[in-house]
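S.K.: Sequence:
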Amino acid sequence: MDDYENIKILTELHKDAKMGMDSISYVSKKVKDPEFKDNLSFQYTQYSQFLDRINKLFENYGEIPKENNMSEKMMTWMGIQMNTIDDKSTSHIAEIMIQGTDMGIISGRKLLNSNPNVTDDVKSLLNNFISTQENNIAQLKKFL
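Start counting the sequence shown at -15; every next residue gets the next number (our numbering).
Don't read these hints as lab results, they were simulated from the structure. One or more hints might be untrue.
[Unchecked claim] The calculated lysine-lysine pairs, modelled on DSS-like cross-linking and capped at a C-alpha distance of 25 Å, are:
#1 K13 <-> K72
#2 K126 <-> K72
#3 K40 <-> K50
When you get a sec, could you build the whole thing from the sequences and use the hints?
M.R.: Here you go:
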């Protein structure tokens, strides 16, 4: 078993979870609907719990996950700011979050399909991450 594949997947999962948390932090300030705000808070907690699990698996490889670089954070922040200048409605913000979450699902599926030899614990975490994001999209659709 090559540890490289496992570390690669954990690195991508870490990046995606942090991006999800950052995105929620940026949009939640614009959200007025209390139910939608609660939903985003719940998703934020889920991403945080995934980070804990990811970090524990990183320890198995003697690795420390890298933080997302500042330019990625700035691009995410600017994208959200630009997308919400004219429309801060719950529906529009839900749409933005669905699009971002869908990108995470696509990334996860690609990782799963292109790395068949990962360990069961990493594969399980990746599958769980994908299914959680799919469930989050189903919840976000209620706010469209």
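S.K.: Hints first: check each against the structure and report whether it holds.
M.R.: To see whether the hints hold, each was checked on the structure:
Of the pairs offered as hints, the one joining K13 and K72 holds, with about 10 Å between alpha carbons and a cut-off of 25 Å not exceeded. At roughly 17 Å between alpha-carbon atoms, K126 and K72 fall within 25 Å of each other, so this suggested pair holds. For the proposed pair K40 and K50, the alpha carbon gap of about 14 Å is at most 25 Å, so the pair holds.
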